[in-house]
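Dock chain S with the ligand against the given chain E, drawing on the hints supplied.
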Amino acid sequence: MSSDTIDRVVELLATLPTIGRKTARRLAFHLLRQPTESVQAFTDAITLMRANVRECSVCQTFTDREVCAICASEQRDRSTICVVEEPSDVMAIERSGDFRGVYHVLHGVLNPLDGVGPDDIRLRELMARLGAVQELILALNPNVEGEVTTQYIAKMTAPLGIRVTRIARGVPVGADLEFADDATLARALEGRVPV
Amino acid sequence: MQIRTVGLYDVRNHVATELACAGHVNVLTGRNGSGKTSVLESIGMCAIGRSIVPVPDAALVRHGAESATMIVTANRDLGAPWSVKVTVREGARKRIETSLASNATVRDLIGELPMVALTPDHKAITFGAPADRRAFVDAVMAQASTRYRDLLYELRRVLKQRNAVLAMQADDGTLTTWTAAFTACSAEIIVRRKHFIAELAPRVREAYSMVSDGEEAIDVCYRPDTVPDPADVDTVRQQLDEAAARLRAVELRRGTTMFGPQKDEVDLTINGGLVRETASQGQHKSLLVALKLAECDVLLRTRNERPVVLLDDVFSELDRRRIERVMHGVLTMGMQCFVTTTEGDSIGSMVPPGTDIRTVTLARGQMIDSNQQPWRTT
Ligand SMILES: [Zn+2]
Numbered sequence: 001m002s003s004d005t006i007d008r009v010v011e012l013l014a015t016l017p018t019i020g021r022k023t024a025r026r027l028a029f030h031l032l033r034q035p036t037e038s039v040q041a042f043t044d045a046i047t048l049m050r051a052n053v054r055e056c057s058v059c060q061t062f063t064d065r066e067v068c069a070i071c072a073s074e075q076r077d078r079s080t081i082c083v084v085e086e087p088s089d090v091m092a093i094e095r096s097g098d099f100r101g102v103y104h105v106l107h108g109v110l111n112p113l114d115g116v117g118p119d120d121i122r123l124r125e126l127m128a129r130l131g132a133v134q135e136l137i138l139a140l141n142p143n144v145e146g147e148v149t150t151q152y153i154a155k156m157t158a159p160l161g162i163r164v165t166r167i168a169r170g171v172p173v174g175a176d177l178e179f180a181d182d183a184t185l186a187r188a189l190e191g192r193v194p195v
Numbered sequence: 001m002q003i004r005t006v007g008l009y010d011v012r013n014h015v016a017t018e019l020a021c022a023g024h025v026n027v028l029t030g031r032n033g034s035g036k037t038s039v040l041e042s043i044g045m046c047a048i049g050r051s052i053v054p055v056p057d058a059a060l061v062r063h064g065a066e067s068a069t070m071i072v073t074a075n076r077d078l079g080a081p082w083s084v085k086v087t088v089r090e091g092a093r094k095r096i097e098t099s100l101a102s103n104a105t106v107r108d109l110i111g112e113l114p115m116v117a118l119t120p121d122h123k124a125i126t127f128g129a130p131a132d133r134r135a136f137v138d139a140v141m142a143q144a145s146t147r148y149r150d151l152l153y154e155l156r157r158v159l160k161q162r163n164a165v166l167a168m169q170a171d172d173g174t175l176t177t178w179t180a181a182f183t184a185c186s187a188e189i190i191v192r193r194k195h196f197i198a199e200l201a202p203r204v205r206e207a208y209s210m211v212s213d214g215e216e217a218i219d220v221c222y223r224p225d226t227v228p229d230p231a232d233v234d235t236v237r238q239q240l241d242e243a244a245a246r247l248r249a250v251e252l253r254r255g256t257t258m259f260g261p262q263k264d265e266v267d268l269t270i271n272g273g274l275v276r277e278t279a280s281q282g283q284h285k286s287l288l289v290a291l292k293l294a295e296c297d298v299l300l301r302t303r304n305e306r307p308v309v310l311l312d313d314v315f316s317e318l319d320r321r322r323i324e325r326v327m328h329g330v331l332t333m334g335m336q337c338f339v340t341t342t343e344g345d346s347i348g349s350m351v352p353p354g355t356d357i358r359t360v361t362l363a364r365g366q367m368i369d370s371n372q373q374p375w376r377t378t
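Those sequence lines, one after another, are chains E and S. When you number the first sequence by my numbering, it's gap-free, plus one each residue, and the end is 195. When you number the second sequence by my numbering, it's gap-free, plus one each residue, and the end is 378.
Just chain S, with the same shape it has in the complex:
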């Protein structure tokens, strides 16, 4: 996928900003508060239906404006045009229009414009709780597979409904049926996660050795709840049904579901130890970058579409050497990327001559300077 234009209308401090994008690298510079991250947030909104920063949608609406509108126009790798327009307003559902549908949902959007983002918040993937790593895996898988995306929506809904039955602390006769629906989609999710992580792990190892100079042994391990060693969907489902029968009385007493893929964990290990316990700061950084490069690779393969890469404020987190290797990895895979930085000219000196690069300088939500190919002269 290649984004041609990004439009921000009443988004944060942008009144109306329209960017024509370079095919390879788009550098957004400016001080803090200049509105450079808003461009990445808008791309995120058009790709996965939410900002790359964890904020409520309404936070994107410019102060004093009624609604915020974000428009991305792009070309698929096979040439077909793709466009998305998202409008958010306080207290209303966001409105999504695409080339295919005038009234689309976030669910319709996910996977159409594959996207990989790296922001300071993503530190949580290696540092945070098991739930953060599960969320990472789920987000990648949802973009990679429409079936998995649908299963996640189904799981969330069935789990809420089943918990509502359990919360009555008495079976109204429907618990068995809700449980069957729950174990059916859970089993498929578990088996898909197992296969996905088995495919992801070698790619993370490969990317890690490219990013770091170390010889550390890296692994990504799936630790499913209830079913320690998942086989096929039918067997897993049977095991989950057995767990449900075993836990029935306790679940009714506590009024909530006590097993299932919403409790799964994903561990990252380095030389056999848990990353969050034993890794150095540098190893954390290399691993995060490796995970993101592996994510690019997985999306590229499964979607047959080059994802767009968003790097938000990477200089505050990563050293020059690691950023160079990220850029190298991204450009080698032929992917378009958007980088925000306060250090305008650093990126330009990292990319090979001939790279289609554009730098846009922003101040208070306005473009104050943009030049097409400043580094080609090297």
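Pulled out of the complex, with its shape left as it was, chain E reads as follows:
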């Protein structure tokens, strides 16, 4: 068998995280066996997602609107901001169901080895939001980079007199927030400690 178009699809699929060449090939053949309409629906959904989804102008998470549903909600307490690395972390904490404040998504952490400095994550946007904020909860991943970013934000915000806390170490060290179970996350938020 030789097909440049299949090769191209396999090549592109293999660029996705956790997808190796073998899996990419399997996925490509799977798609080939699907009805044209369902493949079309699939590609349309992806195209639409890419065209419509943007970052919330307030918290920087992914949303279809200018301001995301959480930031727009009257039910949420705007005096408490929970700072996370990725939009997927917002979903994880929302699933735990206990947090009534709002979020701020950094889209990364300080990582000089990968060329990520303070200007490359949404820190400026965070600083601009702190006017009426009383508590900042730092919920970054428990690794070297998350730890240093936590300390950096604590230092940066120290002159503002805001209460800065971090989630408790209920989150297993080395584990991603995204994969912590709901109960663990709820406990971690409950038991937060000053930085």
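Possibly wrong hints are sitting among the right ones.
Computed cross-link-like contacts, DSS-like style, restricted to lysine-lysine with a CA-CA straight-line distance of at most 27 Å [said to hold, decoys possible]:
id	chain 1	residue 1	chain 2	residue 2
1	S	K94	S	K160
2	S	K123	S	K285
3	E	K22	S	K85
4	S	K263	S	K160
5	S	K94	E	K22
6	S	K194	S	K263
7	S	K160	E	K155
8	S	K194	S	K160
9	S	K285	S	K194
A few chain E positions that, by computed beta-carbon distances, are all more than 10 Å from chain S [claimed, not checked]:
id	residue
10	R8
11	E11
12	A24
13	F29
14	S38
15	F42
16	I70
17	R78
18	D98
19	R100
20	G108
21	T165
22	D182
23	T184
24	G191
Keep in mind that the hints were calculated from the coordinates and are not lab data. Values in this document were obtained by computation on a predicted structure and should not be read as measured data. We put the CB at the ideal spot given by N, CA and C, even for glycine.
Here is chain S with the ligand on its own, set in the frame of chain E:
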């Protein structure tokens, strides 16, 4: 810990070799290239996540095979079973399965199956540079303490990140924070090294006097960078912070970290002089053996688990008398050992009657002969 079985599948020249192990001494004989060291390499892989010989993982994959798999099953001293399966393949991360986790990391592995190895490469501990002795101390401490193991991983990562900031030769505002993270874990490492070496030194002296007949005064001295006489963690951290402030401009100019525990030295002395400068060949050998016996003792005490001892090709380096004393020390502490040698029956005549010993003869990666208790008849 007692290893019950070792399995090698597509490891070097082994297609599929399965060894049932004796409780005390396992002798692996055969010519060079027979695959006897591969057995020790496989145990090393399952104990500390790498071969006891400094080679890339991919070197273990049998020529023509896609991957190499090594399996060790063992019993902890308290009886619980422990097993590890490691699969390595070229260009991929090695896969580690244990009794506890289906997807473990090397970091999870270290310390679970305490292991002490003596190979011809270990000569560097007494002959080599300060970095070789620091590596020796770090490796023992990482197996002895989970906290220390984690600190080493943290130090390596923080140091790389801090160097990446310094390499820009300009502070983007984060240098102070990286420095604080660096001095925090450095201080704890330094204080732990100090205590560890203070505990190790008398054990090395004791083992040395058992191995050699000499009266030499042996010492192991910690020579930390920046902090000549470390006290408690807080004080050390403060001293490191001061050093960071003092060196800031120079570090930014040179683009790299210029202080810290990655520069620490460990000296070995004999009668007050540096071993690497003044010791005789024989003294080097006795000291190396003494260091390894002290390592066994330290692991046994801190882990509450008898380490497994791997002796690779010791006859090429050590004389019969020293090997006898090593074997005596190992067997007295009740530890299981694996010995590779080209001289098959030498070991058997060195151990006391009643020793559970097994000799396996290998050729081109295959067992050609194994007998259970050939020396019991003495
Ligand atoms: Zn929002």
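For each hint, the structure was consulted:
no.	hint	result
1	S:K94 to S:K160	holds, 23 Å
2	S:K123 to S:K285	holds, 8 Å
3	E:K22 to S:K85	holds, 23 Å
4	S:K263 to S:K160	holds, 14 Å
5	S:K94 to E:K22	holds, 18 Å
6	S:K194 to S:K263	holds, 14 Å
7	S:K160 to E:K155	holds, 22 Å
8	S:K194 to S:K160	holds, 24 Å
9	S:K285 to S:K194	holds, 25 Å
10	R8	holds, 23 Å
11	E11	holds, 17 Å
12	A24	holds, 15 Å
13	F29	holds, 22 Å
14	S38	holds, 33 Å
15	F42	holds, 29 Å
16	I70	holds, 29 Å
17	R78	holds, 28 Å
18	D98	holds, 29 Å
19	R100	holds, 30 Å
20	G108	holds, 13 Å
21	T165	holds, 18 Å
22	D182	holds, 22 Å
23	T184	holds, 18 Å
24	G191	holds, 22 Å
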